[in-house]
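A.B. asks: This is what each chain is made of:
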Amino acid sequence: MAEFSIDGLGVKVGLEIHQQLDTNKKLFCNCTPIDTEEYSIKFQRKLRAAKSELGEYDPAALFEKSKSKTIMYFANTESSCLVEQDEEPPHELDDDAKRTALIIASSLSSQVFSEIYPMRKTVVDGSNTTGFQRTMLISQGGSFNVDGKKIGIQSICLEEDAAKILGEEGSIKKYGLERLGIPLVEIATEPFEVKPHEIKKIALALGRILRSTKKVIRGLGSIRQDVNVSIKDGGVVIEVKGVQQLDQLEKVVEYEAKRQHGLLKISKKLQEIDCIHNNNDRKDITELFKKCSSKIIQNAIKKNQKIFGIAFRDMAGMFGYSPYEGIRLGKEVAELVRFFGIGGVFHSDELPNYGVENEDIDDLKRILEINDNDGFLILAAPEEKMEIVTDQIILRIEYIRNEGIPIDTRLATQSGETKFLRPRPGAARMYPETDIPPIIISKAELDNAIENIPKSWDDSIKDLQTKYQLNLQLSEQLFDSNYFELFESIIGKTKVSPTFVASILCSTITNLERSGLDSKLLKNKEIEKTFQFLEEGIITKESVEIIFENIMNGKSQTIEEAMKNASIETVDESELEVFCHQIVENNQEIIKNQKERAIGPLMGIAMKELRGKASGETINKLLLKNIKNKLENN
Amino acid sequence: MSEYRGYEANSLEFLKKSQVKVGDSVKILTDITYSGIIMPRYEHSDDKHIVLKLKSGYNVGLEIAKIKKVEKIQSSEKIIDKPEKISKIEGLPKVLLLSTGGTIASKVDYRTGAVTPILTAEELNSSVPELSKIANIDTEVLLSEYSENIMPENWLEIAKKISTYSNSDYSGIIIAHGTDTMHYTSSFLSFALAGFPIPIVLVGSQRSSDRASSDAALNLIGAVKFITECKTKGVYIIMHNDENDNTVACHIGTRVRKNHTSKRGAFQTIGDNPAFIIAEEKIQKNMSKEFYKTQEFQPKINLDTKIALVKYYPGYDPKLIEHIIDNGYKGIIFEGTGLGHVGRVMYDSVKKANEKGMFLGMTSQCIDGRIRMTVYESGRDLLNLGIIPLENMLPEVALVKAMWALGNTQNIEDVKEIMLDNIASEISI
Chain A
1 MAEFSIDGLG
11 VKVGLEIHQQ
21 LDTNKKLFCN
31 CTPIDTEEYS
41 IKFQRKLRAA
51 KSELGEYDPA
61 ALFEKSKSKT
71 IMYFANTESS
81 CLVEQDEEPP
91 HELDDDAKRT
101 ALIIASSLSS
111 QVFSEIYPMR
121 KTVVDGSNTT
131 GFQRTMLISQ
141 GGSFNVDGKK
151 IGIQSICLEE
161 DAAKILGEEG
171 SIKKYGLERL
181 GIPLVEIATE
191 PFEVKPHEIK
201 KIALALGRIL
211 RSTKKVIRGL
221 GSIRQDVNVS
231 IKDGGVVIEV
241 KGVQQLDQLE
251 KVVEYEAKRQ
261 HGLLKISKKL
271 QEIDCIHNNN
281 DRKDITELFK
291 KCSSKIIQNA
301 IKKNQKIFGI
311 AFRDMAGMFG
321 YSPYEGIRLG
331 KEVAELVRFF
341 GIGGVFHSDE
351 LPNYGVENED
361 IDDLKRILEI
371 NDNDGFLILA
381 APEEKMEIVT
391 DQIILRIEYI
401 RNEGIPIDTR
411 LATQSGETKF
421 LRPRPGAARM
431 YPETDIPPII
441 ISKAELDNAI
451 ENIPKSWDDS
461 IKDLQTKYQL
471 NLQLSEQLFD
481 SNYFELFESI
491 IGKTKVSPTF
501 VASILCSTIT
511 NLERSGLDSK
521 LLKNKEIEKT
531 FQFLEEGIIT
541 KESVEIIFEN
551 IMNGKSQTIE
561 EAMKNASIET
571 VDESELEVFC
581 HQIVENNQEI
591 IKNQKERAIG
601 PLMGIAMKEL
611 RGKASGETIN
621 KLLLKNIKNK
631 LENN
Chain B
1 MSEYRGYEAN
11 SLEFLKKSQV
21 KVGDSVKILT
31 DITYSGIIMP
41 RYEHSDDKHI
51 VLKLKSGYNV
61 GLEIAKIKKV
71 EKIQSSEKII
81 DKPEKISKIE
91 GLPKVLLLST
101 GGTIASKVDY
111 RTGAVTPILT
121 AEELNSSVPE
131 LSKIANIDTE
141 VLLSEYSENI
151 MPENWLEIAK
161 KISTYSNSDY
171 SGIIIAHGTD
181 TMHYTSSFLS
191 FALAGFPIPI
201 VLVGSQRSSD
211 RASSDAALNL
221 IGAVKFITEC
231 KTKGVYIIMH
241 NDENDNTVAC
251 HIGTRVRKNH
261 TSKRGAFQTI
271 GDNPAFIIAE
281 EKIQKNMSKE
291 FYKTQEFQPK
301 INLDTKIALV
311 KYYPGYDPKL
321 IEHIIDNGYK
331 GIIFEGTGLG
341 HVGRVMYDSV
351 KKANEKGMFL
361 GMTSQCIDGR
371 IRMTVYESGR
381 DLLNLGIIPL
391 ENMLPEVALV
401 KAMWALGNTQ
411 NIEDVKEIML
421 DNIASEISI
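Read top to bottom, the protein sequences are chains A and B.
Numbering (UniProt numbering) for the first sequence: 1 to 634.
Numbering (UniProt numbering) for the second sequence: 1 to 429.
The set of hints was computed from the structure by calculation and includes no laboratory data.
Source: prediction; values computed, not measured.
It is possible that part of the hints are untrue.
Here chain B is said to cover these stretches of chain A; the calculated rule only asks that three of the stretch's residues, wherever they fall, bring their Cβ under 8 Å from a Cβ of chain B [unchecked claim]:
id	segment
1	80-89
2	526-532
Derived pair list, reagent style BS3-like, types lysine-lysine, alpha-carbon separation capped at 27 Å [what the hints assert, rightly or not]:
id	chain 1	residue 1	chain 2	residue 2
3	A	306	A	385
4	A	241	B	55
5	A	443	B	48
6	A	69	B	263
7	B	133	A	46
8	B	282	A	385
9	A	150	B	48
10	B	68	A	443
Covered stretches of chain A (in silico footprint by chain B; criterion: 3 or more residues with CB under 8 Å from a CB of chain B, positions within the stretch not fixed) [claimed, not checked]:
id	segment
11	105-116
12	315-323
13	419-431
A virtual CB, placed ideally from N, CA and C, is assigned to each residue, including glycine.
Start from the sequences and build out the full structure, keeping to the hints where you can.
C.D. replies: In structure tokens form, the structure reads like this:
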């Protein structure tokens, strides 16, 4: 097994950023996007692949169809209407979304088309009730700079967001419609040669350009990035979806480069042997394996599934051959099989293992006439899926042998690897949206967009610094955070110090999150109310963190509840006087020894009792007064 | 013509000058270079753009004024569809599918530049492969029209075509039809082909078959299942039961209306459950009577379109009735209010129409429910003026029936009798 090094592979990376727009309205109807999981409407659909306008079927669509799922949709009348249910044609394109897309295109100097054609992009996994995503190419070309490096823009599209998956049970997939139809801008960069660690910076810069428009939704899930990775000499462009965090990007690119280079090595080795497979090389071995002690096999048989053996001539050692760590043909096969919802596949190079004994293997070899040079797979699957899955496995192995790297759409995993998602869709997935006539962009609209190009990120940060007297670091944090709009709203409504608000939003909440608490539980409404309570003197600065902590760990839902749970009450000044006086009286020894410096330890004692009930500032003042009195009187 | 479809004036001249046509692969130089295929333009577009399908599949309009150069890469290839071999399974029932157009059969076709009837046997087989396992289906394209363009003479054409199969070995006949006027066609066929020996089923779709979420496939599967399993005589409309892709409803062709502009479950049987509910596993029968009054096939494929359908409303100008009379109409179906009324202002005109020997029938704009003209004095007045209450016949059905009745007899007394004779379940008891 070789050590992997990314240098010299000529890795090229393209980014695709999907950003929700903050128009408070869906792209083709008047519904308001509300994040909710309360549903009053439920209906069931099936989707089937349709031909493209050029008369072809999209491979991804056909593939999805072969999984034959029933889709259950859940909706409510607040966040969706008949348009999302595909029970009514789309309304007109939302002007606000169009305007924002034009501003974004203009700020990246991208060339806007004066006639825009809404298209249907086939997606039959159920995430769109129509079986397609409405999308339109707004502009091409343009660029932005990152540390002096010019990054080209390939295209900017305006499209609909998909429905949110709620879960999958057997052959039923469940989706919620509240997110379906939210306007999204998709920006794809030109592929650029880059060191993996530079990618994050580029993605961040692009994100910042978008946020500068102040027309984009922030917060979890509002921005998603896909990354396209290819290597020189035999590599293909692989689209990796679902990169959640920027930190993942670097790992994903490295893994994908390694996988591609590894697959090319596997391909070469496959070409050296005469791997042949024909239809006689698959056999039902369910009867034979009834005595097999593998749990996976036994479970499958219990569920009335079939066990198949599939022989691959001269392929001994090929499934397990691992040019780099974690890159094997066996793994590619396992990913594909898992995609069909099937767990049980073993290959010859990993056996005997998993309860499959030598005896079982001998039986199998006899039945399939396998000799020592041959490889084989054992597959446990429902009978009706067996043929499709087996065909797909063979197609994939043949493709790797003959062509090299299969052109997939892949999914990023948490650990920074990628796994098979579906075949990469091609141009055949596009069909004109006949329900909507072409959209004409007038010169006035373009001029308006150019006039409204937002300030650059640097200028926006400078503005923040002067307007709210924030330091540079806090301004940057705030601008990149999910709370920028909330910050402005709080400052507009209260007189609480902007620095305090910003540091609570950017650092306190983040710190609580790092300690494992969930910031999603903390609703904007409650945050605003907290600062209002602070201004009204109902709570103290110190209580803010305690309240947030209480809400973020799920103990309370509202600020009032949190105050009750954390027994936050304010102590009035006269009570406080008495309390501070008492502390000074009880700790005369410390005062005697440390004089005025006794304030330190005494503050500690006082805060233990009073944290959240009175402001530290007042306590400090009162203690100091009492200490001075004590010292003077002695 | 299709070589330049949709292009005119400037844009047409530009294409000709650049020596490229629709379907050609080109490279177009503006500030950016675009590669793609030249696509047709829709009607009503301007003449300042050409449409290009980029490699990504997106279509965009490029402004001619900004184009510096057009380079032809490849001429459009004539794509010839390989006819897919359809294997027929011996012993399966035979079904005939006649296509008349509509959403169920429409898709953008850039190659021929026309709406193609998608329901050739081959297309049907590849888009709904399940069908070939239930029945052997022969297809025939009769018309290619959206339903608003289907005229009474087309009803005659369809009925005549169907009547030639009265002695065939088909188990039933499916008519693919646009949904907007489907229930007019079904009504006409119900009267003109009374007693037809095998089921006639009209099927449409609310979402075109060029999209993955189309309701066409399930509706067609439902129709074929109905024909092969139920064999119940009559003219029916089969469409989605509701928004779910699991059941289709089979409606009596004279008791059904389109009650929603866009929903899958737009068609509803008025005042009753659908005659059949077809689910994947079973077919539930709700219909308890024979569809036709007659047992024998008695084709009467005639009509006279000189019948008006008048919807009365507050402020209706009775002069419009005079106009109908003056134009030689032979009958009026009123869509009256409530139990079957029109305002006092109409009496003179109604009287005049009656004296001219016109047939005057009353239906209700309530749609559901029966006409009762003896309850209020205005109703009794109208009865005295010669208006015939048409039970609970739907207004559109009454219109079609009157056209058909007048096509078969000019005797007004016969027409009155025919209108109240329950020929094809149009009056539900």
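A.B. asks: Hint by hint, note whether the structure agrees.
C.D. replies: Status of the hints after comparison with the structure:
1. 80-89: holds (count 6)
2. 526-532: violated (count 0)
3. A:306 to A:385: Within the cut-off at roughly 10 Å; holds.
4. A:241 to B:55: holds (21 Å)
5. A:443 to B:48: Given pair residue 443 of chain A, residue 48 of chain B holds - Cα atoms ~14 Å apart, limit 27 Å.
6. A:69 to B:263: It holds: about 23 Å lies between the C-alpha atoms, which stays within 27 Å.
7. B:133 to A:46: holds (19 Å)
8. B:282 to A:385: holds (25 Å)
9. A:150 to B:48: This hinted pair is violated, its Cα atoms lying about 34 Å apart.
10. B:68 to A:443: holds (20 Å)
11. 105-116: That given contact holds, which follows from 5 residues of the segment 105-116 of chain A lying within Cβ reach (below 8 Å) of chain B.
12. 315-323: Violated: only 0 residues of the segment 315-323 of chain A have a Cβ under 8 Å from chain B.
13. 419-431: holds (count 6)
Taken one by one, the earlier hints fail for this structure at numbers 2, 9, 12, listed in ascending order.
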